[in-house]
Every structure is written in C-alpha cells, then in structure tokens.
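Protein chains in written order, with the working numbering: chain Y, 1 to 248; chain X, 1 to 243.
If you are wondering where the hints come from, they were derived from the structure by calculation, not from laboratory data.
Among the hints, erroneous ones may be present.
[Stated by the list, open to error] Computed spacing ranges between beta-carbons, pair by pair: (1) Ile42(X) <-> Lys52(Y): 54 to 64 Å; (2) Gly210(X) <-> Ser166(Y): 13 to 23 Å; (3) Arg133(Y) <-> Lys96(X): 27 to 37 Å; (4) Gly210(X) <-> Lys93(Y): 17 to 27 Å; (5) Leu213(X) <-> Lys93(Y): 25 to 35 Å; (6) Val230(Y) <-> Gly26(X): 51 to 61 Å; (7) Tyr7(X) <-> Gly62(Y): 36 to 46 Å.
[To be verified] With a Cα cut of at most 30 Å, we get these calculated DSS-like pairs of lysine-lysine: (8) Lys20(X) <-> Lys157(Y); (9) Lys52(Y) <-> Lys20(X); (10) Lys96(X) <-> Lys74(Y); (11) Lys25(Y) <-> Lys188(Y); (12) Lys25(Y) <-> Lys207(Y); (13) Lys93(Y) <-> Lys20(X); (14) Lys69(X) <-> Lys114(Y).
Just so you know, even glycine gets a beta-carbon here, dropped at the ideal spot from N, CA and C.
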Amino acid sequence: MIEIKNIAKSFGGRQILAGVSGTFKQGDTSLVIGSSGTGKSVLLKCMIGLVKPDSGEVLYDGRNFLESDLNQQKAIRREMGVLFQGSALFDSKTVLENVRFPLDMLTEQAESEKLDRAHECLRRVGLAEAADRMPSEISGGMKKRVGIARAIVLNPKYLFCDEPNSGLDPLTSIKIDQLISEITDEFKITTVVITHDMNSMMEIGEKIMFLYQGEKLWEGNSTTLTQSHVPELNEFINANKLIREMEK
Amino acid sequence: MSRLGSYFIFLGTLFRNPEKFRVYMGLIINECTNIGVGSIFIVALVNSFIGAVTCVQTAYNLTNPFVPKNIIALIVRDSSILELAPTLSCIVLAGKVGSNIASELGTMRITEQIDALEVMGINSSSYLVLPKVIASVLMFPLLVIMAGFLAILGGYIAGTLAGVISSEDYISGLRFEYKPFGVAFALIKTVVFAFLISTISAYRGYNVSGGALEVGAASTAAVTNSCVAIVAADFILTQMLLT
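Modelling step: build the complete structure from the supplied sequences, incorporating the hints.
Next comes the structure, spelled out in structure tokens:
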C-alpha cells in the first residue's frame, strides 16, 4: 500500500501541488486524473523520488520514502517499476537488453536466469518476437509494452504509469490498459496510473483520484465517476463527446 | 558563480555511490571506441595540414640568409609539440566529442532515460558520465601523440615538396636542441583539457530541461565553454610548467 500525506510542491513561486493526500491499495489499479497542468505528473515524480516535495510524506507499506537514507531509498526503488510517458527506452540497447537492464544492474543472477526472465517478461507483454529489434524500429504501442516489461522484470510491488496511452490509438490504448490491469491482478501490485484518458478511467479505474489546480477535489471509482456533484470534475468528464452522448 | 558551483557539485556526484566496477569496464571500452577511434580521422587531417602550413609559412617569413634553414623544422617541431597538437586538437575534439556528449546526455534527459536510471536507484551521473571522462582522459593523449607526429610529418612533406627546405635540413632541425619535457608538457595539458571538455560537456547535457531547442543550445554551450576553459587552462599550465 502507498500512502501520500499532504504533498505540496511549488516551482518558482507557483504552487503546483497544494497538500494532496491519498491511499493506493495493493492489488488495485488506482488512477490519478485531471486536465493538463494540474500537477498529476509532478505528484507521480514526488512519489517516485524524482522531485523532492516542499512538504508531505510518501509511505511505502509504512516506510517513509522521503526521510529514508540512500540505501533504504535504493531498497524501496528496487520494489518500484515505472512506465514513463515516452517509454524512456535506452536508444542504444535492443528491446531485450532494455528489459534485462535492471537485472544486469541490480541483481547477481546468472546470465541464463536473466535471459530467461527477460524473455518471460517480453512474452508476457506479447513481444517475444521483437527481442532483437532496436527501440527506433518498433511502434509507439510496442515501446509502451517494452516499457511495461522492463518495469515488471524485477517483480515490483509498486507500478507507476505516467500517461500510458499518450500518442496511442484507442484500440492500442485499451490493450495497454488491460495489460496494466491484468499485471496488477496477477502479481498483486499496487499500481498508480496518471491519465486523462476517459477510456482508461472507465476500463480500469478501480479507484480514481481527481486533481484540479494542485488539489484533490474528488475520489471514487469508474461507476461513481459520472454521478459526482463536483462541477470541475463534471466539466472535465463532459469535455468528452462520447460521455455527453451517453448521458443524453 | 552559481553555475560554477553547480558544476563542482556535479563533479562530486560522479564519484558518489558508484556502480560495480565490471559495469564500468564495458562502458569505458565502448566510449574509448567512440571518442578515440571515432576521432582519429579529423585529428589526423587537421594536424597534417597545420604542420604543412606552419612549415611553408615559417619558410616564407624567414628571409634572412644568415638564419639556417633547419630553424624551420625546429619551429614546426616546437610549435606542434608545445601548442598546436595539444591545444588545437583539443579544440577540434571539443567540437566533435564535446557536442556529442552534450547532445547525447541532453536527449537522454528530455526523453526521461536519465529519470528511468534514477528510478532504478542507479547513480545516473556516475553511470553515464564517468566512463566518458575516463575514456577521454585515456584517449585524448593518444590522439595528441598521433597529432604531433602527423603535424611534423605534414611539415616535412609540404616543406620538401614545395622546395622550401631539404630533407637533411628538416631532420637536423628536428634534432636540434630537442627538450623531451616538451612532450610531457603536451601530455599534461592534454589530460587537463580532456577532463575539462568531457566534464563541461556532460554537465551542460545532463542539466538540460525543455526540448530539442534546449539540447541544441546545450550542445553549443558545451563547445564554447570547453574552448574558453581550454585556452584559460592552456595559459595557466604554460605559466606553471614552462616558466
């Protein structure tokens, strides 16, 4: 379980996050939603330690991440898998090398074990045949799947996905969402997904947190999403024509 | 001043919490190939012509019949070893290697590849930059030795072909009042220049924020800052070691 308490962050006097709190349970796919510029990605970066919040706490199963020493932070980081918005694959490495990279760097496993594990993860995301290709030779959707394979290769307890559907067609988006949801159920991971994709919200939103101008305005799930009485959330949802049509 | 301070802090991060030694070995060999082997052609070409031009221009300016011809070779030798080979080669390498390091790291930064390393708990600056610095410090002196040799050879070929100096005069000039410390001085300078070029360029690239425009700007800044650092260090080292 991940708990965040009163996370606040400002950049150059401009407040991006104003005391955001919440809980993300193990085995759930939790979504953080909101318009562009509301601080979703900054919140994620605060949670994974890429940005130091001005105040607040991030607890991983009770362990305070921000107040841990370097070794403790390293240990917690080994339990994290992150899928970045642009996949963040290493250009100079093949798909297989990208997936086995965390194993090479962070484990003492035998070569054959590492190779087996990397192939297993690639098979899990349906990319066994792309192992020897370079990132520049595969599509955006495939890159996301390689990113997921790399994120789960160390059997993480926590999975973070930053805009996993950005730049993808609706069909590929749904496949990626389903893959994230399946992996979460299969390995009982605590998954946090940052998105503003309505399909994702309806498809995998077991728990949804709505951010507006750096504040948490609403919390619920995909079934209660359309019944909220928060005007900012309703405006955000109704920006989608499909939802408007459905409501009519 | 704040940028200078953050540059020194950046240097500190290279040696803090490093990865396993075997990780660096492969990376250093790769970087030696990229930085060293990849720069042979341009360094050889530039220095051969510089040596040739130095020889012909010196001959053109030596009009006094009482000055022996072998002085031309002595001037080519000393200017090549002491200044042209190390300094000019490193300025060329600042353009080639420095811009490459800055743009590579800058692109990795804006495409979140550096963030991916950090999230895995890897010291990204040490993992990405230290092999480049070590490879530069190892390969630049080898390139400069080659550069000095080719500059002198270029002078010989140009001088004898143009008929401004005979082969015997050129060789006797090369041997005249030779001080071996000149080579040591050139190599000391080169090691310092290699460290400056690789770390300044890495610092510029590593700290990029924004997009393609900023990566381009960082690459340009890496080259200009490296060139300024080279000429400043050149003066300081000359004062310290030759006076």
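Now the hints, each set against the structure:
1. Ile42(X) <-> Lys52(Y): 54 to 64 Å: Taking Cβ atoms as reference, Ile42(X) and Lys52(Y) lie about 43 Å apart, which means the hint is violated.
2. Gly210(X) <-> Ser166(Y): 13 to 23 Å: The hint (13 to 23 Å, Cβ to Cβ) holds, given that Gly210(X) and Ser166(Y) are roughly 18 Å apart.
3. Arg133(Y) <-> Lys96(X): 27 to 37 Å: holds (30 Å)
4. Gly210(X) <-> Lys93(Y): 17 to 27 Å: holds (25 Å)
5. Leu213(X) <-> Lys93(Y): 25 to 35 Å: Given range 25 to 35 Å: holds, Cβ gap about 27 Å.
6. Val230(Y) <-> Gly26(X): 51 to 61 Å: holds (54 Å)
7. Tyr7(X) <-> Gly62(Y): 36 to 46 Å: Check passed, 39 Å falls within 36 to 46 Å.
8. Lys20(X) <-> Lys157(Y): holds (25 Å)
9. Lys52(Y) <-> Lys20(X): holds (27 Å)
10. Lys96(X) <-> Lys74(Y): violated (36 Å)
11. Lys25(Y) <-> Lys188(Y): holds (10 Å)
12. Lys25(Y) <-> Lys207(Y): holds (9 Å)
13. Lys93(Y) <-> Lys20(X): Measuring from Cα to Cα gives roughly 20 Å; hence the hint holds.
14. Lys69(X) <-> Lys114(Y): Given pair Lys69(X), Lys114(Y) is violated - Cα atoms ~68 Å apart, limit 30 Å.
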